[in-house]
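2 protein chains.
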Amino acid sequence: MNNLSLAIHGGAGTILKSSMTAEKEIAYKNALENALNAGYQLLENGASSIDAVQRAVSELENSPLFNAGKGSVFNSEGTHEMDASIMDGQTLNAGAVSAIAGIKNPIQLARFVMDKSDHVFLLGKGAEDFAREVGCEFQSKEYFYDEFRYQQWLEIKGTGKFQLDHSKTKEQKFGTVGAVALDQMGNIAAATSTGGMTNKKYGRVGDSPIIGAGNYANNETCAVSCTGSGEFFIRGVVAFDVSCLMEYKGLCLKAACHEVIQKRLLKIGGDGGLIAIDKVGNVALEFNTEGMYRGKRTNQGVNEVSIYKD
Amino acid sequence: MNNLSLAIHGGAGTILKSSMTAEKEIAYKNALENALNAGYQLLENGASSIDAVQRAVSELENSPLFNAGKGSVFNSEGTHEMDASIMDGQTLNAGAVSAIAGIKNPIQLARFVMDKSDHVFLLGKGAEDFAREVGCEFQSKEYFYDEFRYQQWLEIKGTGKFQLDHSKTKEQKFGTVGAVALDQMGNIAAATSTGGMTNKKYGRVGDSPIIGAGNYANNETCAVSCTGSGEFFIRGVVAFDVSCLMEYKGLCLKAACHEVIQKRLLKIGGDGGLIAIDKVGNVALEFNTEGMYRGKRTNQGVNEVSIYKD
Numbered sequence: 002m003n004n005l006s007l008a009i010h011g012g013a014g015t016i017l018k019s020s021m022t023a024e025k026e027i028a029y030k031n032a033l034e035n036a037l038n039a040g041y042q043l044l045e046n047g048a049s050s051i052d053a054v055q056r057a058v059s060e061l062e063n064s065p066l067f068n069a070g071k072g073s074v075f076n077s078e079g080t081h082e083m084d085a086s087i088m089d090g091q092t093l094n095a096g097a098v099s100a101i102a103g104i105k106n107p108i109q110l111a112r113f114v115m116d117k118s119d120h121v122f123l124l125g126k127g128a129e130d131f132a133r134e135v136g137c138e139f140q141s142k143e144y145f146y147d148e149f150r151y152q153q154w155l156e157i158k159g160t161g162k163f164q165l166d167h168s169k170t171k172e173q174k175f176g177t178v179g180a181v182a183l184d185q186m187g188n189i190a191a192a193t194s195t196g197g198m199t200n201k202k203y204g205r206v207g208d209s210p211i212i213g214a215g216n217y218a219n220n221e222t223c224a225v226s227c228t229g230s231g232e233f234f235i236r237g238v239v240a241f242d243v244s245c246l247m248e249y250k251g252l253c254l255k256a257a258c259h260e261v262i263q264k265r266l267l268k269i270g271g272d273g274g275l276i277a278i279d280k281v282g283n284v285a286l287e288f289n290t291e292g293m294y295r296g297k298r299t300n301q302g303v304n305e306v307s308i309y310k311d
Numbered sequence: 002m003n004n005l006s007l008a009i010h011g012g013a014g015t016i017l018k019s020s021m022t023a024e025k026e027i028a029y030k031n032a033l034e035n036a037l038n039a040g041y042q043l044l045e046n047g048a049s050s051i052d053a054v055q056r057a058v059s060e061l062e063n064s065p066l067f068n069a070g071k072g073s074v075f076n077s078e079g080t081h082e083m084d085a086s087i088m089d090g091q092t093l094n095a096g097a098v099s100a101i102a103g104i105k106n107p108i109q110l111a112r113f114v115m116d117k118s119d120h121v122f123l124l125g126k127g128a129e130d131f132a133r134e135v136g137c138e139f140q141s142k143e144y145f146y147d148e149f150r151y152q153q154w155l156e157i158k159g160t161g162k163f164q165l166d167h168s169k170t171k172e173q174k175f176g177t178v179g180a181v182a183l184d185q186m187g188n189i190a191a192a193t194s195t196g197g198m199t200n201k202k203y204g205r206v207g208d209s210p211i212i213g214a215g216n217y218a219n220n221e222t223c224a225v226s227c228t229g230s231g232e233f234f235i236r237g238v239v240a241f242d243v244s245c246l247m248e249y250k251g252l253c254l255k256a257a258c259h260e261v262i263q264k265r266l267l268k269i270g271g272d273g274g275l276i277a278i279d280k281v282g283n284v285a286l287e288f289n290t291e292g293m294y295r296g297k298r299t300n301q302g303v304n305e306v307s308i309y310k311d
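As they're listed, the protein sequences go chains A and B. Numbering of the first sequence is given in our numbering, commencing with residue 2 and proceeding in unit increments. Numbering of the second sequence is given in our numbering, commencing with residue 2 and proceeding in unit increments.
Source of the hints: derived by calculation from the structure; they are not laboratory data. No false leads were slipped in.
Computed list of lysine to aspartate or glutamate pairs in EDC-like fashion (alpha-carbon distance at most 20 Å, straight line):
#, chain 1, residue 1, chain 2, residue 2
1, A, Lys-18, A, Glu-305
2, B, Lys-162, A, Asp-116
3, A, Lys-202, B, Glu-134
Model the full assembly from the supplied sequences, consistent with the hints where possible.
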């Protein structure tokens with residue numbers, strides 16, 4: 002039997018132990034463990050990696066602690082715009098959505114785009130029309146409302162400022178969730194979902210729905226899900242860069258992730274992190290920020306969630 | 002002095018000599034020459050490569066012969082949705098827009114996103130709001146109306162079908178325009194613009210506005226603009242793949258373009274082409290279709306436009 006392996010993240014950034022309560026820390030860790038368990042159980046039952054990453058990301062979307070699905074931040078108009086993408090390393094099939102509202106699990110819609118449309122990337126009202134046709138679950142504004150997110154927005158509403166989940170002056174966290182997995186068949190997959198930036202305007206899109214930037218999977222190399230300052234991840238084509246360093250330069254997973262996050266991304270001024278997996282189940286959790294909500298579980302006995310730098 | 006070099010394309014696909022009139026061929030070649038002249042004149046006057054590619058693409062957008070700007074195809078709602086992106090190889094700065102309407106030159110808006118915003122990628126109404134704030138030129142529906150495009154749309158309106166500029170049963174052409182350039186300072190840049198697919202719905206986005214997929218520029222390697230079946234170009238991260246083959250595997254520009262278009266893209270079922278340039282002014286015009294509207298001009302005496310396979 003092949004190795005089984007699953008890794009998840011719930012965003013990276015300036016996550017300091019000093020600004021965290023014990024209660025909050027436990028809540029985050031529990032939410033990460035829930036997502037890890039849900040996805041890993043599928044893998045153990047013989048499910049595909051694509052199903053496992055979708056499931057793990059759905060759990061993270063359903064938690065108000067993370068900026069994706071329920072818990073998404075407010076944009077400049079006081080509503081939510083969400084992005085997500087998913088990629089299958091066996092077929093190189095992919096699906097992505099951007100600027101969607103009202104859909105309970107954006108990652109499910111990205112999966113439907115991959116499986117049930119001739120397209121890869123749908124956005125806005127058109128993507129929502131497609132969601133209705135394929136039977137995606139919609140939720141009310143009340144479902145997406147979160148008091149903490151609303152207060153975050155009220156603080157900077159009308160200032161023209163925007164922030165990546167948490168303010169720079171306080172805790173800075175890039176709010177994105179993601180998962181990568183290896184299944185029994187030896188196939189890998191990646192999924193990423195985000196609620197964007199608080200008070201964002203102009204229909205800004207980050208790296209999360211961009212195949213190659215925030216998300217990528219290829220059985221020949223690796224599956225990658227990113228979180229960070231999206232503009233830099235787009236310019237660096239970060240997720241695919243990890244894959245190319247492995248395929249063309251022969252780097253191992255860990256070396257490729259280190260090179261991209263600690264050198265190439267920093268060189269252009271970007272911060273954040275990524276989770277990655279290869280076809281034998283090696284996992285890399287790489288970030289150049291103070292912390293990254295993350296977890297990994299394998300059939301080699303690894304089972305851990307962490308928040309801060311080691 | 003460094004070499005000067007400019008290449009452009011106006012889309013690739015099943016462009017057969019048998020389905021082309023002499024008059025039409027002359028019109029296409031004149032339009033390509035106009036764009037080449039406009040961009041190259043800037044380079045000769047010492048302008049930057051980013052200004053030159055923007056200018057060349059603007060000329061192609063202004064021609065109704067190409068599916069970008071004026072001459073954009075109709076979507077399923079009988080309106081126009083355009084995409085564009087631009088990237089500067091010196092700084093790795095980039096700007097992109099998607100699903101915008103009414104803006105005369107989408108490539109100008111992509112440039113404004115790069116120069117005047119904190120973002121890389123803006124879409125829809127938000128991008129149009131930004132366009133108004135920075136003073137982008139808007140045009141009426143009448144400006145964008147083209148009888149030929151309208152008839153194309155009427156043929157398949159309401160059928161649920163969509164087509165890449167021209168129908169598969171007739172002439173199949175992937176309607177996108179693009180330019181790559183090398184300037185006197187030794188900097189390279191790339192720009193790409195499209196009107197999308199006739200009768201497209203669901204807010205479909207192709208590769209043109211995706212940095213790494215349809216457009217990429219990096220002084221260390223190459224500048225690339227793509228045209229083709231966008232979904233496959235996204236999944237293949239085509240433009241950045243050319244760059245990585247050069248940087249990590251040591252391939253020259255021509256070999257890298259050949260590898261990506263004739264092997265890697267075909268392997269996943271994608272067709273189309275690209276234009277690319279490197280920092281010493283080598284130009285590659287690679288496609289796996291019957292033809293590609295294209296042209297190149299250098300200070301080494303090259304000055305040509307062509308349509309079919311050699």
